[in-house]
Amino acid sequence: NAGVTQTPKFQVLKTGQSMTLQCAQDMNHNSMYWYRQDPGMGLRLIYYSASEGTTDKGEVPNGYNVSRLNKREFSLRLESAAPSQTSVYFCASSELMWGTGANVLTFGAGSRLTVL
Amino acid sequence: KNEVEQSPQNLTAQEGEFITINCSYSVGISALHWLQQHPGGGIVSLFMLSSGKKKHGRLIATINIQEKHSSLHITASHPRDSAVYICAVLETSGSRLTFGEGTQLTVNP
Chain A
1 NAGVTQTPKF QVLKTGQSMT LQCAQDMNHN SMYWYRQDPG MGLRLIYYSA SEGTTDKGEV
61 PNGYNVSRLN KREFSLRLES AAPSQTSVYF CASSELMWGT GANVLTFGAG SRLTVL
Chain B
117 KNEVEQSPQN LTAQEGEFIT INCSYSVGIS ALHWLQQHPG GGIVSLFMLS SGKKKHGRLI
177 ATINIQEKHS SLHITASHPR DSAVYICAVL ETSGSRLTFG EGTQLTVNP
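Residue numbers (the numbering used here), protein chains in the order written: chain A, 1 to 116; chain B, 117 to 225.
Simulated from the structure, these hints should not be mistaken for laboratory data. Backbone N, C-alpha and C fix where the C-beta goes; we use that ideal spot for every residue, glycine too. Heads up, a few of these hints could be off.
Covered by chain B, per the in silico footprint, the following chain A stretches (three or more residues, Cβ under 8 Å) [what the hints assert, rightly or not]:
#, region
1, 20 to 26
2, 63 to 71
3, 83 to 95
Simulated crosslink set (SDA-like; lysine to any residue; CA at most 25 Å straight-line) [as the list claims (entries may be wrong)]:
#, chain 1, residue 1, chain 2, residue 2
4, B, K184, A, K71
5, A, K71, A, P83
6, B, K169, B, H189
7, A, K57, B, R212
8, B, K184, A, A50
9, A, K57, B, H154
10, B, K170, B, V143
11, B, K171, A, L69
12, B, K169, B, P225
13, A, K57, B, S146
14, B, K171, B, S209
15, B, K184, A, G58
16, A, K57, A, L69
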């Protein structure tokens, strides 16, 4: 099925552990994003990638790194997890459709991360 | 100040009521999305707007580019419309996508 696939869906870490959230899309979109969603805070942009080979910081990049491995994949790494990084993480991809002017935006199902 | 502001933050309605959720933004945009998120669920794009108005079933979305304002209307609201509605803007400066904090809508039977 076409769309955005995130793994894992759930993860529990201890403080100081590292992990990588994986995201892949099969819609040939150029832009990909990582967000975190916390109660009462809405979605906050961590990092984004406008195209393969480029990445940019969002609102809350501290404590995270990203890799745009190729056009399909955009991973988010926590090098030393902290309890403040307990959140639900969403990956998204988008593409501006030239000709129609439509911007297609698709989200992954989310990854729930708990840091103890 | 948030670049994208939504109002109201919370909205409770009776089934059948007409509902309006507003979104104001302060940056130049190339597109605006209205998104829906059900409790514990994923996020779905309802509309993408770059100008004018769009309608899908009981949902209507409008945008005024000059005033930097968009509205999402739900006609004849139903309990299954209960969800968080989120406004997101794609900035013209690049591919950055910024979100409002969302509006929690509860429709009571």
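Return the numbers of the hints above that this structure violates; sort them in rising order. Hints 1, 2, 4, 5, 9, 11, 12, 14 contradicted; others consistent.
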